[in-house]
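Chains as they are written, first to last, in this note's numbering: chain A, 17 to 127; chain B, 17 to 127; chain C, 17 to 127; chain D, 17 to 127; chain E, 17 to 127.
Keep in mind that the hints were calculated from the coordinates and are not lab data.
Beta carbons: idealized from backbone N, C-alpha and C, even for Gly.
Among the clues, some could well be false.
[Claimed, not checked] Facing chain B, according to a computed beta carbon distance under 8 Å, are these residues of chain C, among others:
#1 118
#2 121
#3 123
[Stated by the list, open to error] Which bits of chain B does chain C cover? Going by a derived footprint, with three or more residues having C-beta under 8 Å, they are:
#4 44 to 51
#5 54 to 66
#6 92 to 100
[Claimed, not checked] Calculated lysine-lysine pairs in the DSSO-like style (CA-CA distance at most 30 Å, straight line):
#7 126(C) - 79(D)
#8 126(D) - 126(B)
#9 126(B) - 126(A)
#10 79(B) - 126(B)
#11 79(A) - 126(A)
#12 126(A) - 126(D)
#13 126(E) - 79(E)
#14 79(E) - 126(C)
#15 126(E) - 126(D)
#16 126(C) - 126(A)
#17 79(C) - 126(C)
#18 126(B) - 79(E)
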Amino acid sequence: MPGGGGSAGRDAGGGPGSSGSSGSSGRMPYVLISTQIRLEVGPTMVGDEHSDPDLMSFLGATKRNMLGNHFWEYYVTDAPRVVLNKLESRGYRVVSMTGVGQTLVWCLHKD
Amino acid sequence: MPGGGGSAGRDAGGGPGSSGSSGSSGRMPYVLISTQIRLEVGPTMVGDEHSDPDLMSFLGATKRNMLGNHFWEYYVTDAPRVVLNKLESRGYRVVSMTGVGQTLVWCLHKD
Amino acid sequence: MPGGGGSAGRDAGGGPGSSGSSGSSGRMPYVLISTQIRLEVGPTMVGDEHSDPDLMSFLGATKRNMLGNHFWEYYVTDAPRVVLNKLESRGYRVVSMTGVGQTLVWCLHKD
Amino acid sequence: MPGGGGSAGRDAGGGPGSSGSSGSSGRMPYVLISTQIRLEVGPTMVGDEHSDPDLMSFLGATKRNMLGNHFWEYYVTDAPRVVLNKLESRGYRVVSMTGVGQTLVWCLHKD
Amino acid sequence: MPGGGGSAGRDAGGGPGSSGSSGSSGRMPYVLISTQIRLEVGPTMVGDEHSDPDLMSFLGATKRNMLGNHFWEYYVTDAPRVVLNKLESRGYRVVSMTGVGQTLVWCLHKD
Numbered sequence: 017m018p019g020g021g022g023s024a025g026r027d028a029g030g031g032p033g034s035s036g037s038s039g040s041s042g043r044m045p046y047v048l049i050s051t052q053i054r055l056e057v058g059p060t061m062v063g064d065e066h067s068d069p070d071l072m073s074f075l076g077a078t079k080r081n082m083l084g085n086h087f088w089e090y091y092v093t094d095a096p097r098v099v100l101n102k103l104e105s106r107g108y109r110v111v112s113m114t115g116v117g118q119t120l121v122w123c124l125h126k127d
Numbered sequence: 017m018p019g020g021g022g023s024a025g026r027d028a029g030g031g032p033g034s035s036g037s038s039g040s041s042g043r044m045p046y047v048l049i050s051t052q053i054r055l056e057v058g059p060t061m062v063g064d065e066h067s068d069p070d071l072m073s074f075l076g077a078t079k080r081n082m083l084g085n086h087f088w089e090y091y092v093t094d095a096p097r098v099v100l101n102k103l104e105s106r107g108y109r110v111v112s113m114t115g116v117g118q119t120l121v122w123c124l125h126k127d
Numbered sequence: 017m018p019g020g021g022g023s024a025g026r027d028a029g030g031g032p033g034s035s036g037s038s039g040s041s042g043r044m045p046y047v048l049i050s051t052q053i054r055l056e057v058g059p060t061m062v063g064d065e066h067s068d069p070d071l072m073s074f075l076g077a078t079k080r081n082m083l084g085n086h087f088w089e090y091y092v093t094d095a096p097r098v099v100l101n102k103l104e105s106r107g108y109r110v111v112s113m114t115g116v117g118q119t120l121v122w123c124l125h126k127d
Numbered sequence: 017m018p019g020g021g022g023s024a025g026r027d028a029g030g031g032p033g034s035s036g037s038s039g040s041s042g043r044m045p046y047v048l049i050s051t052q053i054r055l056e057v058g059p060t061m062v063g064d065e066h067s068d069p070d071l072m073s074f075l076g077a078t079k080r081n082m083l084g085n086h087f088w089e090y091y092v093t094d095a096p097r098v099v100l101n102k103l104e105s106r107g108y109r110v111v112s113m114t115g116v117g118q119t120l121v122w123c124l125h126k127d
Numbered sequence: 017m018p019g020g021g022g023s024a025g026r027d028a029g030g031g032p033g034s035s036g037s038s039g040s041s042g043r044m045p046y047v048l049i050s051t052q053i054r055l056e057v058g059p060t061m062v063g064d065e066h067s068d069p070d071l072m073s074f075l076g077a078t079k080r081n082m083l084g085n086h087f088w089e090y091y092v093t094d095a096p097r098v099v100l101n102k103l104e105s106r107g108y109r110v111v112s113m114t115g116v117g118q119t120l121v122w123c124l125h126k127d
């Protein structure tokens, strides 16, 4: 997974240490997807600006800028169930699902 | 499972790649069901327009169009607990359950 | 478990198939319990009209009619934690817990 | 665990059977803890009037009466994460976590 | 993990026993992280005043005081998904995820 969406560019959190940056380079064991209001239809949000481009491509996701440049996200028009099935074919399994406000979120993990 | 509700017709998300369409054809490892307000009674939503017709038939589900043609859903009059028991007999197990607004949602998976 | 609260009387959902009715007769692998507002006290809802009468009896549950004949439910005066402990002695394990509105819900499964 | 907070005094739910009372005496496989609004600080609610006194003592919990005698609860001033770590040392593992209203709830189980 | 953020300074809960203080010293099997409103961006809260300083340093976290001295918290500017991936490299796995109000919370555990 060359160039695989690690967090190298983000951990400038001002913390006292910096050992974290080497701990997650190039691996993407967790994926978060979400949808709003109705679970039977898309769009489904499938990634953020640091997500693995290869996985986003596999899902057929489009990158867009939200809220006046503040952050980027990837979305697909598929319903979340269809996305879960696609991610399963790549080894991701649902760990937990929750609702927050009008948004449904799934947390997936790949060993 | 001939004609088994894959996502072939949905992944026109405009993404840069299209390798996703072949990844989920004909498999339906995840099922989402939901009910509103009271968990002791139905109806229970059991599928979307891309759900496996055989599984929907097994559940005795009816397909209906919601919100002026915007999307389709399958529902049964059974309470969600009854649906969970039926799905278990087909190998589906509850992974997670959540509430969002007035809706209770179950995420099930079949190995 | 003779006469054990199957779903035989409920799956008249108008679906195109009816193979579902034989799939869940007499088994009750899933149980849903719920309580409102405070988790430290009962009452706890433990079943619906199709719940296994033997299990309801084991829990000491009372059947009551809610909302002008619309549906039946079983309840106990125990707090939910006490009910979870009783159900565990019968082989049920918590799979997931969630809140929806003012209601806390537990989903239990027995292998 | 002599005198271990069973549910013997509570299952007077008026149900048709009473076999439940012998099913949970002296075992406490499930624990529910909760906190309000902020997860970084206590107090954390750790038990109800039927909770195991030994476990409550281990956690350093105080019993108090809420809402004009209606029910009792145990609380600690620790943040919930600290309580989870203490309970883990006694064999309890988190099964599920949820939010309901302004309250966060953890459900723990001990084999 | 010298000086590893145990709960020794917090369990003055007024409880009748004090055996709890020795049960959790120096171990941090559970971690709670949270974010608000949008899951695609940080900041992500990663700890409280008793969290393991080494782990906080690994994450690049900054300690800050909230609400007029009432409590401390650690945060990073990373999105929660990036934090989950970093914590996974240290052996933490997501046990459950939930929403409460506008906040998304993940509960992680390390064996």
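Compare the distance between the alpha carbons of residue 126(B) and residue 79(E) with 30 Å, and conclude whether the hinted pair is satisfied.
-> 43 Å, violated
Chain B contact restraint for residue 118(C) - C-beta distance below 8 Å | 10 Å, violated
30 Å limit on alpha-carbon distance, applied to hinted pair residue 79(C) and residue 126(C) = Status holds; Cα separation ~23 Å.
30 Å Cα cutoff - pair residue 126(E), residue 79(E) = 23 Å, holds
For the hint on residue 123(C), just tell me whether its beta-carbon gets within less than 8 Å of chain B.
-> At 5 Å from the nearest chain B Cβ, residue 123(C) passes the 8 Å test, so the hint holds.
Do three or more residues from the region 92 to 100 of chain B put their C-beta atoms closer than 8 Å to C-beta atoms of chain C?
-> Holds: 8 residues of the region 92 to 100 of chain B have a Cβ under 8 Å from chain C.
Between residue 126(E) and residue 126(D), is the straight-line Cα distance small enough, at 30 Å or below?
-> 16 Å, holds
Does residue 121(C) pass the interface hint, meaning its C-beta sits closer than 8 Å to a C-beta of chain B?
-> Holds - the Cβ of residue 121(C) comes within 8 Å of chain B, reaching about 6 Å at its closest.
Is the Cα-Cα distance between residue 79(E) and residue 126(C) 30 Å or less?
-> 45 Å, violated
Given the proposed pairing of residue 126(B) with residue 126(A), does the C-alpha separation stay at or below 30 Å?
-> Holds, at roughly 16 Å.
Taking 30 Å as the top limit, are the C-alpha atoms of residue 79(A) and residue 126(A) close enough?
-> 23 Å, holds
Hint consistency between residue 126(D) and residue 126(B) [alpha-carbon to alpha-carbon, up to 30 Å] | Holds, at roughly 27 Å.
Taken one by one, the earlier hints fail for this structure at numbers 1, 4, 7, 14 and 18, listed in ascending order.
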